[in-house]
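Asks: Sequence:
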Amino acid sequence: SITGGVGNDTVQLNGEVVTPTFSVNLGGGVNSLTTNATVNAKTSVSITGGAGNDTVQLNGGVLTKKLTATLSDGNDTFNSVTDIADVVDHAANPNAANGTILTVDLGKGDDSANVQNVFGNNVKFTLGDGNNTFVLNNINALTLTLNGGTGNDNTTVDLLTANFFIVNLAGGENSLTATNPYVGMLN
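Take 2 as the starting number for the sequence shown in this note's numbering and just add one per residue.
Keep in mind the hints are simulated off the structure, nothing from the lab.
One thing to keep in mind: the hints can contain errors.
[As the list claims (entries may be wrong)] Within a straight-line C-alpha distance of at most 27 Å, the following computed DSSO-like cross-link-like pairs (lysine-lysine) qualify:
#1 Lys109 / Lys67
#2 Lys66 / Lys43
#3 Lys109 / Lys125
#4 Lys67 / Lys125
#5 Lys109 / Lys43
#6 Lys66 / Lys125
#7 Lys43 / Lys67
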């Protein structure tokens, strides 16, 4: 568990993290969290940012049952460029259920997110109020939910496989571009 204070904090993890649960609370201020190796937290990963501009950059994979990121108010950035997946080796256990639950709430502010390679059951992104830019690439989920707030949101989804794709971009002038989707039901 890592806890920052009310000032500006920088957390950088360069080695693999192996633990049942992993949590980072960046606190208030202009903060950043960067992982450059795999976070293997069998039960859960929790990332919390307080008021202020927060940046989360996941460069290593995340293996967990549940990942929750709540970045609160401010102009926040959430990027994940490698796999977010369950800890189960599905090649060795093809009948195992993929139970990863990913929830990202960017809060109020002009936020941006670029998320790639998510393999999970329930994947939910809340953009919050503000002018937000959001890019999803290679998302495999039972249910993918995108919620926007007031403001102009620009969302791009590429290589989506989902049984249910729920979109609520709310007020403002919003755009949603989906290329290569395979969706059972769009709502």
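Asks: Does each hint fit the structure? Answer for all of them.
Replies: Now the hints, each set against the structure:
1. Lys109 / Lys67: OK: Lys109 and Lys67 at ~23 Å, within 27 Å.
2. Lys66 / Lys43: This hinted pair holds, its Cα atoms lying about 6 Å apart.
3. Lys109 / Lys125: This hinted pair holds, its Cα atoms lying about 16 Å apart.
4. Lys67 / Lys125: With Cα atoms ~12 Å apart, Lys67 and Lys125 stay inside 27 Å; holds.
5. Lys109 / Lys43: violated (30 Å)
6. Lys66 / Lys125: Distance of about 14 Å is within 27 Å: holds.
7. Lys43 / Lys67: OK: Lys43 and Lys67 at ~8 Å, within 27 Å.
Consistency note: the structure conflicts with earlier hint 5 alone.
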